[in-house]
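Read top to bottom, the protein sequences are chains A and B. Start counting the first sequence at 1; every next residue gets the next number (the UniProt record's numbering). Start counting the second sequence at 1; every next residue gets the next number (the UniProt record's numbering).
Some hints could be false.
[As the list claims (entries may be wrong)] Pairwise CB distance ranges (calculated): (1) M169/B <-> D139/A: 26 to 36 Å; (2) G231/A <-> G141/B: 13 to 23 Å; (3) I11/B <-> T5/A: 49 to 59 Å.
[To be verified] Below 25 Å or equal to it, Euclidean Cα-Cα: the simulated DSS-like pairs (lysine-lysine) are: (4) K247/B <-> K466/A; (5) K115/A <-> K66/A; (6) K135/B <-> K310/A.
Please keep in mind that the hints were generated in silico from the structure rather than gathered at the bench. Glycine included, every Cβ here is placed at the ideal spot set by N, Cα and C.
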Amino acid sequence: MLYFTRWKALGIILTALIVCLCAVPNFFPEAQVKTWPAWAQRRLVLGLDLQGGSYLLLEVDSNYVKKERLDQVRDDVRRTLRDAKIGFTGGVIVRNDAAEVRITKESDVQTALGKLRELSQPLGGLMGSSGQRDLEVTDAGGGVIRLSVPQAAMLDRLRKTIEQSIQIVERRVNELGTVEPVIQRQGNDRILVQVPGLQDPTRLKKLLGETAKMEFRMVDTTVSPDQAQQGRLPPESELLMSASPPPTPYVVKKQVLVAGGDLIDAQATFDQRTSEPVVSFKFNTSGARKFAQATQENVGLPFAIVLDNKVISAPRINEPITGGQGQISGSFTVQSANDLAILMRAGALPAPLTVVEERTVGPGLGQDSIEKGELAAYVGSILVIVFMLLTYRLFGVFANIAVAINVAMIFGLLSLLNATLTLPGIAGIVLTVGIAVDSNVLIYERIREELRGGRNAISAIDAGFKRALATILDSNITTFIAAAVLFYIGTGPVRGFAVTLGIGIITTVFTAFTMTRLIVAGWVRWKRPQSVPI
Amino acid sequence: MTYYVLIGLGILIAVLTVIAALGVLPSLRIVPDDTHFDFTRFRRISFPISAALSIVAIILFFTHGLNLGIDFKGGTLLEVRAKSGAADIAAMRTTLDGLRLGEIQLQQFGGPENVLIRVAEQPGGDKAQQDAVQKVRSALGDSIEYRRVEVLGPRVAGELLAYGMVGLMLAIVSILIYLWFRFEWQFALGAMIANVHDIVLTIGFMSISQVDFDLTSIAALLTILGYSLNDTVVIYDRIREMLRRYKKMPMPQLLNESINSTLSRSIITHFTVTLALLALLLFGGHAIHSFTAVMMFGVVLVGTYTSIFIAAPILIYLGVGEHREDAPDTATPAKKNKA
């Protein structure tokens, strides 16, 4: 137990040294570290609770996704049956995750089934190997055909919706000019957004809360808004409210001339004549062509710019707009013009997002927490160090050296993993200091016991290590299991605690098995002690 | 100020280190070298006490309940600080009561300028919580600094609670399986009884003290679990070793020997953990206050007691060591006066 080959000793010291050195970048300013080679740039990341910032958990409205899919199925069914000239009664009814249609003539049912089955596609495109389809078409009897969307197809659609949403969210967040935001998918239907340094997430939440479905449509001038409100609304039009207060009703045609997907750019600028904030936009080629055609046909009539079913403005077309460029004016402030431009540039979300969890920490509290955590760490370590010196004297010095190396290694490993340090994480490190000495205590107490049992100094030390190490391994594995579970279930600060605790256990076992042994072995070789001062 | 104290303590450490290395310092013995307390005899007292306390804790849990924090209850929590002078809680209360957001608690903490505002969960799902925090923010205005804002919708809160509970169960089961592999099943069972006992008593403590029960409490519970087991495993390791060595020693005596020989380690280790926790409790700030308080109770008070007075003696009832071979003791006993 006390004999190390030269290579082994060297290997242990080198490993410890390299791991400790990984902590070095944390002691230099970030700007300076950025100039170092990439492999040397790994450092601790402060959690949002320490550096301040906003954490948002967004959820995609899965009911919306489902409803949208079923509405699409309903429209497809109508069109298919009409094209095939198959009569149906009572329209297409959407209920309980399925669309149902009653075919008028019993003899048409088989033809209708055949036609409607063509709507069903294999899941995952042509490469899909699961054999599942995105639509199940069944004969429900009595002339009723049922088209249901299987669970797998729904999940697949939800997954795609999330992927698209993440891209849009990323673009919108990046437009805010924040530093290193984190945007990740979480679970089936959630997106996690972390923005360090953001103190007030109100604007961010507003930006992310808009679907930003942008449409250019014609205003229906055949009826006035008043008439429409009294129920004389033409079937191809709908009543929409203005986006800016006071709410003003507009009768707008349902047909979309150009959609937001055709936009390629949008900028907030000032109108040259009125110097009001406006948003100027630019269409791609196909959008420009559609827009030019529509404006040519409707000179003199008003059209509506609709965002999320609210009318932003409804200007009159004075002349055909053929350049594919235009500007939107409508009682904007500089900020709201900017936000609209961001939304137009980033594109529409495929489904609405709701904030289900929000945690924001101001920079003041973060700084306080760092200071308090540091102070607690210093005081805790000093108390433990003094106690070990008083209890074990020379061996206490050995233990303290081992614990110091241990803590340095924790920081090294955390940096190497680019781990996040949180306030509970600091607590984890302080606790580790308290626990790390336990391995030394176990060894030393065992040595004392073996000495009392009548062994000589060297044999007692040897036996003490041999017997204590097995116990150290056993007892630390149980704690490690608890830390692993905590890592698995925890989020944010709690996960930070689990990480430092888990890494602390690994380094503790490492130092107990190698460093402490190496130090004591070195002392034994040097002193050849007849008695152990323990 | 604190830095001078730290520098002073640093110098003290340096001096102590030199003295300790020279061997002039007298050795501190917290626990005498050779103790022979009859711990297992206490089982007739400790088992009923533990059973009674556990029942009290369970009753407390169901009657008094836990003070569910925002993590599990949902709602809004704002930690604010007046930008100048003391915060006017009365005025803030009037302003907020005017918003008609249901129950709103205002609480001063850590100084006259800090106020903790809790808004109960609003009916109407996730959107309603967001609207509520928006209203509070605009009502209180810019005269205060928003140090922390947490908003949790009802569903996320429910999920977090379920996750936490599942995590606790998962931890207990996986540790049980590990112990089963490493020891015999009786040891695993004994450790699990001790484990559940620890958790039940700690939950009782949380119910009495009404500290916030949130995600960090779950973290504290899991850590308590880990460390209490750590302690139990150290004693079990020794019991196993003794079982192999002394085939004929009666179980109560063997358990006593094992506990006594690890006693010094148990006490010293718990003392160092206490020192570390004490530093966190006193200087770590209120954000981890309930975390460390729960940990202090669980690790230091319950954990130590459990491993000595519950986990070890219970092995007698679980039938450990009953079917040892009737072979004579072969190994040379370490303690000549005992074997």
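Check the structure against each numbered hint from earlier and tell me which ones fail, lowest number first. 1, 2 and 3
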